[in-house]
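Chains as they are written, first to last, in this note's numbering: chain C, 34 to 446; chain X, 34 to 446.
Don't read these hints as lab results, they were simulated from the structure.
Be aware that a few hints might be false.
Identical chains share a label here; the pair holds if one copy fits it or two copies do between them.
Below, a list of computed lysine to aspartate or glutamate pairs in the DMTMM-like style, where the Cα atoms sit at most 25 Å apart [what the hints assert, rightly or not]:
hint, residue 1, residue 2
1, Lys395, Asp248
2, Lys443, Asp116
3, Lys440, Asp113
4, Lys440, Asp116
5, Lys443, Asp178
6, Lys128, Asp113
7, Lys443, Glu160
There are 2 protein chains.
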Amino acid sequence: MSPVKLLIAQGGGPTAVINQSLVGAVLAARAFPNLQAVYGARHGVRGVLHEDFVDLTGEDINHLERVAATPASALGSTRDKPDEAYCLQMLEVIKAHGITHFLYIGGNDSSDTVRILMEQAARSGHELAGLHIPKTIDNDLMGNDHTPGFPSAAKFVAQAFAGADLYNAALPGVYVAVVMGRHAGFLTAASALARQGVDDGPHLIYLPERALDIDRFLADVKAVHERLGRCVVAVSEGVHDTSGVPLISQLAQRRGAGVERDAHGNVQLSGTGALADLLCEEIKARLGIKRVRGDTFGYLQRSFLGCVSDVDAREARDVGAVAVRLALKHGATGSVAVRRDSTVPGYVSEYALQPLEAVAAKTRVMEDAFINAAGNDVTPAFVDYLRPLLGSALPQAERLRGRAVAKRLKPQE
Amino acid sequence: MSPVKLLIAQGGGPTAVINQSLVGAVLAARAFPNLQAVYGARHGVRGVLHEDFVDLTGEDINHLERVAATPASALGSTRDKPDEAYCLQMLEVIKAHGITHFLYIGGNDSSDTVRILMEQAARSGHELAGLHIPKTIDNDLMGNDHTPGFPSAAKFVAQAFAGADLYNAALPGVYVAVVMGRHAGFLTAASALARQGVDDGPHLIYLPERALDIDRFLADVKAVHERLGRCVVAVSEGVHDTSGVPLISQLAQRRGAGVERDAHGNVQLSGTGALADLLCEEIKARLGIKRVRGDTFGYLQRSFLGCVSDVDAREARDVGAVAVRLALKHGATGSVAVRRDSTVPGYVSEYALQPLEAVAAKTRVMEDAFINAAGNDVTPAFVDYLRPLLGSALPQAERLRGRAVAKRLKPQE
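Construct the complete structure from the given sequences, taking the supplied hints into account.
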């Protein structure tokens with residue numbers, strides 16, 4: 034067996050379990066006797082460009098295990114999306130250090146980076162195996178049953194809505210929370226897992242997969258509020274009307290306010306509480322409901338320390354190790370995928386290798402079977418899909434029962 | 034012993050452990066052989082007014098234990114602040130049902146309600162013992178070392194900032210999170226407990242106990258960002274300038290935007306993401322930093338299911354039981370207080386009875402000893418004060434170490 038030198042990097046938004054994949058890969062690599070070194074690149078592809086590497090070949094395993102249990106990319110991440118020129122520079126560094134295998138933990142942009150890099154390597158005749166290890170809380174990677182990182186973020190969203198619903202039941206009114214998801218509604222849909230009993234919230238769930246106009250939204254809220262005296266609503270940041278105009282743009286225009294745009298000219302959906310605030314203003318103004326509160330889950334759903342699905346942690350560890358074995362044993366190039374074995378009862382996950390092209394720069398959205406006909410909720414099929422992924426430690430809530438005491442005076446209004 | 038009939042209610046904002054106090058009181062009452070009944074009033078004083086009671090005298094203990102472990106007022110809560118007329122009506126209901134003891138779990142407004150009710154009872158010659166059981170995540174009750182509910186909310190804030198800081202280290206920029214606290218900065222200050230190592234965030238903490246102007250804020254952020262390449266900031270929703278004008282009003286005026294006011298004409302600080310958004314806009318516009326993100330913890334810090342300090346849960350249980358014993362054994366009226374026994378090493382809490390007037394409608398703010406001289410951080414004394422309250426299960430984070438690999442090419446910029 035010829036000596037191997039592995040380089041691992043982490044790209045895109047951090048997750049609660051992305052370091053499980055890092056440590057899974059490092060430890061799996063260390064089991065190969067022909068391993069010369071395993072390096073980590075600081076801040077993703079940027080670290081490759083700048084030769085900013087740390088040597089993890091002999092790093093203490095206890096330290097690595099504690100890193101694995103810590104959320105957010107331990108190597109640092111980047112939002113850089115390398116083009117061919119960028120990849121060519123990376124390749125120079127990879128050659129200079131004698132790297133034989135490159136592993137990139139990230140989303141669909143990261144898999145596209147591996148794809149471009151592999152093309153450049155092939156063209157220049159440098160022998161390099163490139164593996165993409167999936168992660169993203171958006172759950173929007175093609176060819177995966179789900180992606181590592183999503184279940185833990187989904188668990189956060191479910192626990193947040195379970196708590197918010199109990200609060201809303203104690204002090205009734207309308208509560209609207211905006212959850213991440215520009216194109217894919219999986220994370221917002223996870224709010225459905227907060228429900229334990231009849232009439233538990235969220236009572237309405239709006240996803241970017243279905244067009245939404247504000248009048249329809251208000252009619253839905255009004256109906257629930259009239260029925261229950263309260264209403265809890267989950268809204269994806271990316272909800273838009275039939276012509277694709279984001280709801281936040283429509284609402285801002287009505288109110289004469291501007292919206293923020295990012296460097297690419299896209300409306301900035303994250304990092305601002307504007308959508309939740311605008312929806313609350315509409316509900317107050319047009320439905321005449323007084324107690325209306327809005328939240329935007331923002332970075333909490335991405336980074337909260339201490340909310341991890343054990344199933345997610347295990348699978349994130351696995352995909353790192355699987356990638357290394359595919360690379361070092363089989364010289365494979367491609368993207369590791371998480372699949373569900375539906376031939377056996379219960380929940381069993383398995384791993385596969387798919388071509389980089391199957392994942393790169395593509396976006397999976399929610400299946401039709403996961404969204405109800407009215408477009409304001411998920412289906413039982415979605416709940417069945419997500420429940421096993423949340424793992425073993427989902428807190429349960431109990432509503433107080435108790436026999437009503439007979440009144441002795443007339444009710445006073 | 035004459036027969037007793039206990040009525041318990043929950044008022045104000047729910048907490049993670051307010052049901053521990055409810056169940057603590059119910060179970061303690063059931064140990065008294067002369068107990069005739071223990072009732073819960075639905076939605077606080079409003080349930081008393083409307084005779085909306087549930088009988089908890091024989092309720093299954095296993096059910097009650099699961100309710101105790103569930104956040105948010107299980108009996109329902111209210112924002113009603115009864116005046117004398119309201120209390121007089123409550124008293125009629127209390128008389129009609131032969132209630133001998135009234136326990137109200139709540140903040141300083143709730144203790145004021147008990148005070149007024151007791152005055153009315155004394156005036157009308159009805160024998161009634163009234164106990165106030167403390168709870169509030171703001172930690173702003175006089176005569177208490179801390180209040181039940183605060184440690185769990187503080188734990189949420191610490192875990193949120195620990196995660197946000199790891200995220201910020203992975204993708205550097207400026208992160209600003211707005212935390213609850215109109216007058217008292219305790220909950221915002223709890224962000225300091227997120228720090229585990231040197232240069233961990235939050236790097237700046239702004240509290241309503243100290244005046245803040247925007248130029249000073251920007252200069253602080255600039256200095257941290259220049260030193261570390263990143264900056265994590267905790268801001269109380271109630272921060273204001275030397276003349277008491279809330280920062281949110283100043284910023285909104287600058288930008289030509291309005292602020293929302295509640296029914297009492299107070300600027301609405303909660304339930305809106307405006308302050309975080311405005312601060313981020315200022316940082317981008319005036320410091321020229323590109324990656325700036327803001328969050329508002331909103332209802333998550335008040336209601337998240339699954340973030341409880343075990344010390345808090347135990348003490349919340351205790352204050353409920355202590356109130357019942359004070360009421361039933363000693364016929365006491367007053368407010369139960371949580372104290373810290375500073376005569377022994379380690380952390381030991383104890384309980385005392387204080388007059389309702391000592392707590393009612395008063396607000397405790399952070400001691401000077403807890404705030405640094407520059408007014409942009411807490412002191413080690415505050416960290417020492419809070420650490421034991423967070424309990425045993427505070428997740429730890431581990432930053433990746435690893436020997437840097439020598440560069441083989443010149444760093445490319």
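Going through the hints against the structure:
1. Lys395 - Asp248: Neither, since 32 Å and 44 Å both go past 25 Å.
2. Lys443 - Asp116: between (76 Å within a copy, 21 Å between copies)
3. Lys440 - Asp113: between (67 Å within a copy, 21 Å between copies)
4. Lys440 - Asp116: between (74 Å within a copy, 23 Å between copies)
5. Lys443 - Asp178: neither (58 Å within a copy, 43 Å between copies)
6. Lys128 - Asp113: Cα proximity of lysine 128 and aspartate 113: one copy only (21 Å, versus 71 Å across).
7. Lys443 - Glu160: Answer is between; shortest inter-copy Cα gap is 23 Å, intra-copy 87 Å.
The structure does not agree with the numbered hints 1, 5 stated previously, though it agrees with the rest.
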